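2 protein chains.
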Amino acid sequence: MHRYFIYLAYDGTRYHGWQIQPNGISIQQELMTALATFLRREVEVTGAGRTDAGVHARLMVAHFDFPTPLDTGQVTDKLNRLLPPDIAVYKVIQVKPDLHARFDATYRTYRYYVTTAKVPFNRQYTCRIIGKPLDFEAMNKAAETLFDYTDFTSFCKLHTDVKTNNCHIMQAHWQQQSETTWVFTIQADRFLRNMVRAIVGTLFEVGRGKLTIEGFRQIIEKKDRCAAGTSAPGHALFLEDIGYELE
Amino acid sequence: MHRYFIYLAYDGTRYHGWQIQPNGISIQQELMTALATFLRREVEVTGAGRTDAGVHARLMVAHFDFPTPLDTGQVTDKLNRLLPPDIAVYKVIQVKPDLHARFDATYRTYRYYVTTAKVPFNRQYTCRIIGKPLDFEAMNKAAETLFDYTDFTSFCKLHTDVKTNNCHIMQAHWQQQSETTWVFTIQADRFLRNMVRAIVGTLFEVGRGKLTIEGFRQIIEKKDRCAAGTSAPGHALFLEDIGYELE
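In the order they appear, the protein sequences are chains A and B. So the first sequence is numbered by our numbering: it starts at 518 and just counts up by one. So the second sequence is numbered by our numbering: it starts at 518 and just counts up by one.
Derived by calculation from the structure, the hints in this document are not laboratory data. Keep in mind it's a predicted model, so treat the numbers as computed, not measured. Treat the hints loosely; a few may be bogus.
Identical copies go unnamed one by one, so any copy, or any two together, can satisfy a pair.
Taking lysine-lysine pairs in the BS3-like style, the calculated list, with each CA pair at most 25 angstroms apart, reads [to be verified]:
#, residue 1, residue 2
1, K649, K595
2, K608, K727
3, K649, K608
4, K658, K727
5, K740, K658
6, K608, K635
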């Protein structure tokens with residue numbers, strides 16, 4: 518079998534997330550349908566991770582196997598023609614047959630976009646904070662405490678199939694992008710389900726003065742799936758990057 | 518009477534353009550409805566110009582008169598609360614009673630956004646060029662010829678109420694913004710109806726090799742409202758800036 522990596526991007530607005538759902542459209546389904554159309558057989562597509570409903574990806578990586586060698590440039594062109602306008606394939610490359618899009622990813626980077634003013638554009642990609650301005654300094658101090666922990670059970674959704682809740686955080690900081698836009702960048706070797714949105718939602722509580730930095734730390738230490746704040750809305754979250762050691 | 522200038526921005530996607538229409542929603546109507554709600558009387562709003570259906574404004578200026586002095590900060594806040602999320606007011610300022618949002622504007626700047634690749638994001642703000650790449654160098658040479666003329670009848674829609682078709686072009690050039698994005702900036706003291714989209718659509722024909730630069734020049738010289746190419750789609754056009762001599 519030959520294994521191929523697909524590098525793609527998508528606007529998640531219309532989708533019920535990456536993963537195939539019994540009710541509702543998914544990116545994985547769109548990819549599998551497009552591949553089956555021109556390869557003339559069913560092909561299983563495995564993504565580097567799941568993104569929730571409404572979450573976007575500036576880079577997602579997925580692999581599939583095929584018994585005969587493929588012209589990767591042609592696969593890219595055909596996929597782009599067959600896929601809807603909100604899914605675009607950057608490239609398709611052949612990789613070693615045992616390289617796994619999910620298990621061999623060394624890091625994932627997510628970004629969360631916040632606007633502090635009424636901005637008419639890009640509303641489908643940004644979370645607007647209404648009312649009292651957020652204290653981003655306090656939110657950055659709270660974000661720094663993430664580096665002291667590896668068990669993020671508190672920020673994980675119930676009923677997931679993973680064996681451990683351990684993640685190694687590599688980056689976690691808020692940065693001002695313009696007068697009215699702030700971006701949270703978080704990078705880790707892996708993320709639990711819902712984890713980024715739960716962290717952002719809990720950091721919002723810190724930014725609103727409803728939770729202290731010590732309180733944020735206590736939430737992590739509780740390892741309790743009900744301890745975290747409300748998850749931040751999905752439409753402002755982007756999967757930005759995924760790393761592999763390709764050689 | 519006291520005269521006020523409203524500086525605003527809007528995403529035109531949902532609207533039938535700036536101007537009040539018998540059928541369909543307009544930015545002008547939304548503004549007048551919001552003002553009437555908290556000023557408790559009908560107020561006429563005059564815009565610096567009309568934008569077509571689907572066209573956006575990063576800056577539009579409009580004036581209104583009111584018999585008693587208003588707290589401009591409060592007017593800004595109230596408008597932002599009452600207006601839908603796709604219309605935002607930057608500021609409201611008091612101006613001299615005879616300063617006219619339309620007639621006293623010294624320039625208008627428009628931008629038109631083109632993408633040459635499949636990009637899943639911001640599709641509602643960008644025109645995607647499919648097929649053969651455009652020759653932007655030729656398009657820039659053609660755009661330069663605009664400076665040699667003032668009568669742009671050829672790029673004007675039929676049945677308009679203006680007395681002259683003369684415009685003084687101050688800027689007109691294509692610039693590459695990223696690997697796959699190009700932006701056309703055009704600035705003039707005034708624009709005729711549909712003029713920017715007709716110019717962009719005709720420049721596309723130059724870029725596709727279907728029209729020479731001399732042919733582009735001949736279209737202008739014909740002063741014929743049927744001579745120009747198809748108008749480019751409105752959703753990729755932004756009114757960017759409007760100038761006044763406020764003192």
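Hints, one by one, checked against the model:
1. For the identical chains of this complex, K649 and K595 are inter-copy neighbours only, at 17 angstroms across copies versus 49 angstroms inside a copy, given an alpha-carbon limit of 25 angstroms.
2. Proximity of K608 and K727 under a CA criterion of 25 angstroms is satisfied in neither setting, with 45 angstroms inside one chain copy and 31 angstroms between copies.
3. In this assembly of identical chains, the alpha carbons of K649 and K608 lie at most 25 angstroms apart only when taken from different copies (19 angstroms versus 44 angstroms within one copy).
4. In this assembly of identical chains, K658 and K727 lie within 25 angstroms of each other by CA distance solely inside one copy; the values are 15 angstroms within and 59 angstroms between copies.
5. Taking the shortest Cα distances, K740 and K658 sit within 25 angstroms of each other inside one copy (20 angstroms), while across copies they are farther apart (65 angstroms).
6. For the homomeric pair K608 and K635, the shortest alpha-carbon distance between copies (12 angstroms) is at most 25 angstroms, but the shortest distance inside one copy (37 angstroms) is not.
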